[in-house]
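Peer 1: Residue numbers (our numbering), protein chains in the order written: chain A, 73 to 342; chain B, 5 to 259.
Just so you know, the hints here were simulated from the structure itself, not pulled from any lab data.
Each hint should be verified, as a subset may be incorrect.
Derived CB-CB ranges, DEER-like [as the list claims (entries may be wrong)]:
1. 258/B x 119/A: 52 to 60 angstroms
2. 229/B x 291/A: 26 to 34 angstroms
3. 324/A x 227/B: 28 to 36 angstroms
4. 207/A x 170/B: 48 to 56 angstroms
5. 319/A x 233/B: 30 to 38 angstroms
6. 319/A x 227/B: 25 to 33 angstroms
For every residue, glycine included, the Cβ atom is placed at its ideal position computed from N, Cα and C.
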Amino acid sequence: MTASTSIVEIRNLHYAASGRPIFAGLDLDIAPGRVTTILGPSGTGKTTLLRLITGQVRADSGTIRVDGEDVRTLRGDSLYALRRRMGMLFQSGALLTDLSVFENVAFPLREHTDLPERLIRMLVLMKLQAVGLRGAASLMPQELSGGMARRVALARAIVMDPEILIYDEPLAGLDPISLGMILRLIRRMNDALGLTSIVVSHDVKEMSTVADDMLLLSGGKVVAQGTPAELKSNSSDIVRQFVGGLADGPVPFHYPAPDYFHELLEREAP
Amino acid sequence: MTLLSELRMGLAQTLAKLGAMSWFLVRLIALVPRALPRFGLIVQQIFNSGTQSIVIIMLSGLFVGMVLGLQGFQLLQRFGSAEALGVAAAIGLVKELGPVVTGLLFAGRAGTALASELGLMGATDQLSAMEMMAVDPVQRVVVPRFIGGVLSMPLLAAIFSVIGIYGAQLVGVQIMGVDSGSFWSQMRAGVQGRDITEGIVKSCIFGVACSLIAVYEGYYAVPTAEGIGRATTRTVVTSAVIVLFLDYLLTSAFL
Chain A
73 MTASTSIVEI RNLHYAASGR PIFAGLDLDI APGRVTTILG PSGTGKTTLL RLITGQVRAD
133 SGTIRVDGED VRTLRGDSLY ALRRRMGMLF QSGALLTDLS VFENVAFPLR EHTDLPERLI
193 RMLVLMKLQA VGLRGAASLM PQELSGGMAR RVALARAIVM DPEILIYDEP LAGLDPISLG
253 MILRLIRRMN DALGLTSIVV SHDVKEMSTV ADDMLLLSGG KVVAQGTPAE LKSNSSDIVR
313 QFVGGLADGP VPFHYPAPDY FHELLEREAP
Chain B
5 MTLLSELRMG LAQTLAKLGA MSWFLVRLIA LVPRALPRFG LIVQQIFNSG TQSIVIIMLS
65 GLFVGMVLGL QGFQLLQRFG SAEALGVAAA IGLVKELGPV VTGLLFAGRA GTALASELGL
125 MGATDQLSAM EMMAVDPVQR VVVPRFIGGV LSMPLLAAIF SVIGIYGAQL VGVQIMGVDS
185 GSFWSQMRAG VQGRDITEGI VKSCIFGVAC SLIAVYEGYY AVPTAEGIGR ATTRTVVTSA
245 VIVLFLDYLL TSAFL
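Modelling step: build the complete structure from the supplied sequences, incorporating the hints.
Peer 2: Okay, structure coming up:
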């Protein structure tokens, strides 16, 4: 993949949190118009990567280009202008709890446009219809199930017609029916709206059914990349451990600790 | 040596926080002109911080006024000047007790509500979601709450003082038998514009301080249940100390 064909291009990214290096020289490309899933063990920095791409946190060094713009150099209004071309679905849905479902979806329109109320209503109902929740327009976020909250958040994320849609763990904690709905929506939204979808997840099996590309992050780097089939046939230890769900391997079962017997025989508590 | 270094570190942290809070205040004030056109959001916050605090303010004002009436009567009667109860209660309430007690109650009722609400919005990614929707959460969420708090405080302090005076009158005139005419006429003659100005200035400054502390602690709360709890506690404790400290400074300034 060449730089010119990537909608997200990361080069030599370094980022440390509380002195702990998360990324040390990360290179990554995401192609436009495709569903790309970023996989990786817990704590490997997947959500941090999304926050770096969206400019919510600043990288220590390296470049992050989104649609040709270097996110690290953007501030204030120019960063907001870029974000208006993105939509993000948070793991919790992050709906505004003092607004109804309808008002949550209408929120970006009310903040950024002067559209007449009739048009706002029409747009909101269309987006809610797309996620199957037009009938829930008058409900408050507290009255929604986890899956419904995420579908409302998805409607809100697409209401401004973004070019890039980012999902942070969209499948976490969902029942099989809600999970199926979200998977279907990820694929359908991407194709119908001509989006680029970036999905952070560790649900390998489920995401394999809708993703075009999959990236596996480990140790702050991309250790494997390709189509779901290519990732499945990858023979490296880390990919086999992650895809196969093996308890021990390159990601060890035991947290680093001193010698077991030596510690058992010690008198003082650690 | 250890104690000294801990004290030094504590002082450095306090100064750093004071600096960060001052910078946050500058940021809020700079955003006020952008927030004012959407006055509906501010009115909503005046309702949340002000209107919803009225009952507790009125009840507290009534009881404080009644105690003041009782104590004042006992004291003034010793000197044969029980008729001065009206002016004594009014000055005490308008200049001191009104702004200070309202400030403390405001911190406990509205301040904690503001801090926990903002903290919870942070913990549930609502503020991050706004950032991602290219909406500045400080301008959209924090500034209206700050303005709402600042506007509510002097109004609440005024209500507190009025109800307090009524409480003092209730005890002094209705129960203890102070002459009603003397009570009101001495109050009208003794309370000067300067006293009322002092009360208004104090309540406005306490409103800025309490609202700032609440929104700062809430906005920067660690996004966990424990973090929100700590932020709420810090809001009450810091606001109470700052209100009393500022009260001393302002009282000195008005002497």
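Peer 1: So, for every hint listed, does it hold in this structure?
Peer 2: Now the hints, each set against the structure:
At roughly 53 angstroms, the beta-carbon separation of residue 258/B and residue 119/A lies within the given 52 to 60 angstroms, and the hint holds. A beta carbon spacing of about 32 angstroms between residue 229/B and residue 291/A agrees with the range 26 to 34 angstroms that was offered as a hint. Evaluation of the 28 to 36 angstroms hint for residue 324/A and residue 227/B yields a pass: the beta carbon distance comes to about 29 angstroms. A hinted range of 48 to 56 angstroms for the beta carbons of residue 207/A and residue 170/B is consistent with their spacing of about 53 angstroms.
A hinted range of 30 to 38 angstroms holds for the C-beta pair residue 319/A and residue 233/B, which are about 36 angstroms apart. Between residue 319/A and residue 227/B the beta carbons are some 31 angstroms apart, a value that agrees with the proposed interval 25 to 33 angstroms.
In summary, this structure violates none of the numbered hints.
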